[in-house]
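Here the protein sequences line up with chains Y and X, keeping their order.
Under this note's numbering, the first sequence is numbered contiguously, ending at residue 87.
Under this note's numbering, the second sequence is numbered contiguously, ending at residue 87.
Careful, some of the hints might be misleading.
As the list makes no split between identical chains, a pair holds if one copy fits it or if it spans any two.
What the hints assert, rightly or not - In the BS3-like style, the derived pairs of lysine-lysine whose C-alpha atoms are separated by at most 30 angstroms in a straight line are:
hint: 1; residue 1: 47; residue 2: 8
hint: 2; residue 1: 47; residue 2: 16
hint: 3; residue 1: 47; residue 2: 67
hint: 4; residue 1: 16; residue 2: 67
To be clear, the hints were calculated from the coordinates, so they are not data collected in a lab.
Take a look at the letters that make up each chain.
2 protein chains.
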Amino acid sequence: MAKVIVDVVLKDEILDPQGDAISRALPRMGFTFSPTSVRQGKSFIITLDHEPGSDELSEIEKAAATLLSNPVIESFSIRVEN
Amino acid sequence: MAKVIVDVVLKDEILDPQGDAISRALPRMGFTFSPTSVRQGKSFIITLDHEPGSDELSEIEKAAATLLSNPVIESFSIRVEN
């Protein structure tokens with residue numbers, strides 16, 4: 006069994022009001038760490054019943070670029086966990 | 006500079022209609038890989054201007070449990086990227 010995880014994040018130049026809201030909420034809630042920025046992303050956990058081959062990984066990459074992310078405002082990365 | 010990434014996923018026993026919809030869309034869109042399941046999660050990318058100490062990491066863990074996730078239906082994990 007393997008998990009292929011597609012992490013989708015907003016591109017750096019795209020504003021992220023939800024991330025900013027979290028950043029502002031932290032001190033108000035008593036947290037003392039002060040991040041440079043907080044950004045929110047999405048992830049898609051694709052579970053396969055076998056190790057993905059390179060063909061499958063390139064299919065998943067195509068799905069990530071067309072179905073799971075919006076290439077205009079988002080970028081994605083793919084990692085495999087066993 | 007370091008990035009602390011909080012990955013939030015729905016607990017296994019919680020239904021994920023959006024993940025199911027993606028799973029069903031894949032063959033319809035011509036993709037040939039067939040996952041056992043697709044689950045959607047959220048991620049929060051916390052950028053710090055320094056390496057986080059253990060105190061800071063435990064603060065971030067507290068924030069993940071109270072602000073960034075709903076412990077009733079979600080679980081989270083934390084990873085650090087340099």
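Status of the hints after comparison with the structure:
no.: 1; hint: 47 <-> 8; verdict: both (16 angstroms within a copy, 16 angstroms between copies)
no.: 2; hint: 47 <-> 16; verdict: both (12 angstroms within a copy, 16 angstroms between copies)
no.: 3; hint: 47 <-> 67; verdict: both (17 angstroms within a copy, 21 angstroms between copies)
no.: 4; hint: 16 <-> 67; verdict: both (18 angstroms within a copy, 27 angstroms between copies)
In this structure, none of the earlier numbered hints is contradicted; all agree with it.
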